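K.L.:
Residue numbers (our numbering), protein chains in the order written: chain W, 1 to 98; chain F, 1 to 651.
Everything labelled a hint here was simulated from the structure, so no lab data went into it. Be careful, since some hints might not be right.
Where chain W lies over chain F, by a calculated footprint (3+ residues, C-beta under 8 Å) [said to hold, decoys possible]: (1) 13-21; (2) 272-283; (3) 396-405; (4) 476-482; (5) 485-497.
In this text, all values refer to a predicted model and were calculated from it rather than measured experimentally. Heads up, the beta-carbon is just placed ideally off N, CA and C, and yes, glycines get one too.
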Amino acid sequence: MTQEKVSAMPNVVTPSAPVIFNPDICDGCNTCVEVCQIDVFMPNPVKGKPPIILHPDECWYGGCCVIDCPRPGAITFNWPLQQRGYWKNKATGEVHQI
Amino acid sequence: MSTWHDYFKEQGHAPDWPYPIRYDQEQEIDADVLVLGGGIAGCWAAISAARQGLNVVLVEKGDTVRSGAGGPGCDHWCNVPANPVSNVDTDEWAEHMADRPYCNGIGIQIQCREDYDCLLELEQMGGKIRDTGDEYVGAQGRDEKTKFMISPRYTRIHSYFPVPETEAEKEKFRKSEHKLSNVVIRVWGSTFKPALKKECKRLGVRIFDRVVVTSLLTENGVQGARVVGATGLNSRTGEFMIFKSKAAILATAGSGSMWLISTELGGYCNMMPRTVSGDGTAMAWRAGAELTTMENNGILRIATGYKHKWYTGAGDASYENVPIVDANGKVLPYPIQGWVDWGAMVPFPEVEEAVREKILKGEYALPFYGDFPAMPEVERNATWNLMLGEESTTKVIIKTFSNAGYDPSRDLLQSYRFIEGNSLPQWREASHSGGLLVDWDLKTTLDGLYAAGMQMFAPEDHSYAAATGRYAGRKAAAYARQVGEPKISGEQVALEKARVYAPVKRSSGMEWKELHAGIARAMQYYCSEFKTESLLKMGLGTLRRIEEESVPLLFALDPHKLMRSLEDLSLLTHAQIIIHASLARKASSTPLNFHRIDYPALDPPEWRKYLTIKLENGKVKIGELPLAFWGNMKKQYEARNKDYTGVYKGK
Ligand SMILES: Cc1cc2nc3c(=O)[nH]c(=O)nc-3n(C[C@H](O)[C@H](O)[C@H](O)COP(=O)(O)OP(=O)(O)OC[C@H]3O[C@@H](n4cnc5c(N)ncnc54)[C@H](O)[C@@H]3O)c2cc1C
Ligand code: SF4
Ligand code: SF4
Numbered sequence: 001m002t003q004e005k006v007s008a009m010p011n012v013v014t015p016s017a018p019v020i021f022n023p024d025i026c027d028g029c030n031t032c033v034e035v036c037q038i039d040v041f042m043p044n045p046v047k048g049k050p051p052i053i054l055h056p057d058e059c060w061y062g063g064c065c066v067i068d069c070p071r072p073g074a075i076t077f078n079w080p081l082q083q084r085g086y087w088k089n090k091a092t093g094e095v096h097q098i
Numbered sequence: 001m002s003t004w005h006d007y008f009k010e011q012g013h014a015p016d017w018p019y020p021i022r023y024d025q026e027q028e029i030d031a032d033v034l035v036l037g038g039g040i041a042g043c044w045a046a047i048s049a050a051r052q053g054l055n056v057v058l059v060e061k062g063d064t065v066r067s068g069a070g071g072p073g074c075d076h077w078c079n080v081p082a083n084p085v086s087n088v089d090t091d092e093w094a095e096h097m098a099d100r101p102y103c104n105g106i107g108i109q110i111q112c113r114e115d116y117d118c119l120l121e122l123e124q125m126g127g128k129i130r131d132t133g134d135e136y137v138g139a140q141g142r143d144e145k146t147k148f149m150i151s152p153r154y155t156r157i158h159s160y161f162p163v164p165e166t167e168a169e170k171e172k173f174r175k176s177e178h179k180l181s182n183v184v185i186r187v188w189g190s191t192f193k194p195a196l197k198k199e200c201k202r203l204g205v206r207i208f209d210r211v212v213v214t215s216l217l218t219e220n221g222v223q224g225a226r227v228v229g230a231t232g233l234n235s236r237t238g239e240f241m242i243f244k245s246k247a248a249i250l251a252t253a254g255s256g257s258m259w260l261i262s263t264e265l266g267g268y269c270n271m272m273p274r275t276v277s278g279d280g281t282a283m284a285w286r287a288g289a290e291l292t293t294m295e296n297n298g299i300l301r302i303a304t305g306y307k308h309k310w311y312t313g314a315g316d317a318s319y320e321n322v323p324i325v326d327a328n329g330k331v332l333p334y335p336i337q338g339w340v341d342w343g344a345m346v347p348f349p350e351v352e353e354a355v356r357e358k359i360l361k362g363e364y365a366l367p368f369y370g371d372f373p374a375m376p377e378v379e380r381n382a383t384w385n386l387m388l389g390e391e392s393t394t395k396v397i398i399k400t401f402s403n404a405g406y407d408p409s410r411d412l413l414q415s416y417r418f419i420e421g422n423s424l425p426q427w428r429e430a431s432h433s434g435g436l437l438v439d440w441d442l443k444t445t446l447d448g449l450y451a452a453g454m455q456m457f458a459p460e461d462h463s464y465a466a467a468t469g470r471y472a473g474r475k476a477a478a479y480a481r482q483v484g485e486p487k488i489s490g491e492q493v494a495l496e497k498a499r500v501y502a503p504v505k506r507s508s509g510m511e512w513k514e515l516h517a518g519i520a521r522a523m524q525y526y527c528s529e530f531k532t533e534s535l536l537k538m539g540l541g542t543l544r545r546i547e548e549e550s551v552p553l554l555f556a557l558d559p560h561k562l563m564r565s566l567e568d569l570s571l572l573t574h575a576q577i578i579i580h581a582s583l584a585r586k587a588s589s590t591p592l593n594f595h596r597i598d599y600p601a602l603d604p605p606e607w608r609k610y611l612t613i614k615l616e617n618g619k620v621k622i623g624e625l626p627l628a629f630w631g632n633m634k635k636q637y638e639a640r641n642k643d644y645t646g647v648y649k650g651k
């Protein structure tokens, strides 16, 4: 196992990522930062990079950031595990979860 | 790298605050009409005042483009009896709607008379209100001529809940055969908020986004005097804002989560967004405005953060027109908010109880499902793509489900009813009840201050917020035209500045969430299911202790957390108002969800009245108003709106 530096950190705020950015598609336009009524994100200090999720615990899960993003696939919604919905295939009875 | 801890690990330090810090710096702004809160009511108020050619300023905590409960969308233009497909008389329907105890007949009359005009104006602004693309041809409720999509909601009843009070009334509803009301229209509401913001800008409204309003300013700083402006805080820079106004319209909506906070899902503890946090109610109270029905609150049913439910919670099957089946496919006797029932959103309590019994006996197997595949294709599409696609926070739910492989023509959508349990009676919310008392001009009891939308007492829904906002904008503009220049009190501003910045002067102590949870717990213990004089007084004592001992410890590390801290200070005030109002009502009441163990008589005749509450010289003052104090709705409305010109035709 490679040795990496371990810092003393407090617990990570959970859930920590209401959305997931795809850095290959996101161009850091910050539309999502602006439409978020809660101000969950902050612009990345490095221009052109995806925003930073600063206040994940305040997310309303209203999804405007995802809906209004001009670059499809740049940002995807990520329900906290305990909120992920289920469905069942009517013919086979197979159960799925998001 | 997208989370804070990723950044920390990679860079070895926390990111710098991304905006310039301007604590203590001031900006002064003058307005003829100042609109506080840029949600649905606020945007409409600003637009309507700006159409009168006045200097209008709009102040919004988030970004007006998507802020507020209606920011992400709206599927139901809920109560629009004046639409051409409607089968009811507008004024009769308004009276019918106002035939519920402790509602707001003034707002309802305005909604019924004017929200169809709002809808047509929305279309002029670029909002989508009809099936112009012929996507839903053949769906029940679609009118070929207008291409309006009538919703199966309120088909025969006039509220979300089937709550007829007598057996005879219940029987009437069950048998109800009269024709459909056609008063609710399905709309493409995700197009609305951006269109409203654009129209505000086009009309020259100056918008201040990311500014949280913290207080109202009154003439000479006197409680109960004319409102002459407001103060605000930029939640990114910490800059202090001073707004001067001839007339102000408060539209910050009702309270957020009061009795409950999940500290990990803190943004999601009731249906409303966190930004809707009772600020307006608290600041109007401090300014001396009269409030009413503050003792009314009910159990928080959805989106508690602890439950998994529709709207702000990952989907549920109990949507409009969708048959509910058990795990073996047996159809449940539920209302499905559809064409085959009477259009309510929840079942009669006895139906719910019968289902529960059958679950326990093994006659119904859990979990339940929404049987989307059983629906005719066009109805399924209308519910999934239009209703869910446009109803606010649900647009992203269908997107997420679809991306994960859910196909409504093939798959049953799980319901969480029963398996997630009921909410505790101590998990309550106040967002749909108490608020500012208004007159037929939507003027509050303070000169210079108007209110609209959910800021008012007993508010309704989206189209109600739109119509009342537009109306308040008109009336406030008329007042602003004839009133003298406002003068603000430097002393009042200085006191507010000291209050606002106190938490950033400290870097340790108590953070906002802990304060919030403490207030919530006090409300759970002392102002919930069991109310008595002594419990309520213990509640006031606890809140006073929080004020004296915990508030001085409140700290905020940056302007954003300062905003959240100020919201919780509003909450503290709001909680105190609720307890004072609860102490004043010395009787129990079913429609107010209000049960005093020491005054058990339910709705005795002498207590069938509104209680009003305000601060006068710093002391709580209780008053009262008779039910339906607004008089004859049609006559009162017409007497005051002779000059109303209908749909906007100007440029
Ligand atoms: C998930 C969801 C679905 C809904 N679906 C429908 C529907 O289909 N049909 C329907 O009729 N209704 C629906 N509603 C209700 C509807 O959205 C509300 O009735 C409507 O938005 C109320 O309008 P408002 O202007 O009073 O409040 P809001 O639209 O919530 O606006 C209040 C604004 O005030 C701002 N604010 C608060 N405090 C401050 C402050 N201190 N300083 C500055 N700004 C402040 C907030 O940021 C917010 O933008 C839904 C609500 C939700 C949450
Ligand atoms: S996720 Fe989308 S909206 Fe956000 S910065 Fe990236 S490209 Fe822009
Ligand atoms: S879902 Fe809403 S609250 Fe959460 S980050 Fe996106 S825009 Fe902000």
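K.L.:
Now, for every hint given, state plainly whether the structure supports it.
P.N.:
Evaluation of the provided hints:
1. Coverage of the stretch 13-21 of chain F by chain W holds. Counting CB-CB distances below 8 Å, 3 residues qualify, and the rule asks for three or more.
2. With a threshold of 8 Å between beta carbons, the proposed coverage of the stretch 272-283 of chain F by chain W holds, since 3 of its residues qualify and at least three are required.
3. For a cut-off of 8 Å, the count of residues in the stretch 396-405 of chain F with a CB near a CB of chain W stands at 8, and the three-residue condition holds.
4. With 0 residues having a beta carbon nearer than 8 Å to a beta carbon of chain W, the stretch 476-482 of chain F misses the requirement of three or more and the stated coverage is violated.
5. Note: the stretch 485-497 of chain F has 0 residues with beta-carbon separation from chain W under 8 Å; the three-residue rule is not met and the coverage is violated.
In this structure, the earlier hints numbered 4, 5 are contradicted, and the remaining ones agree with it.
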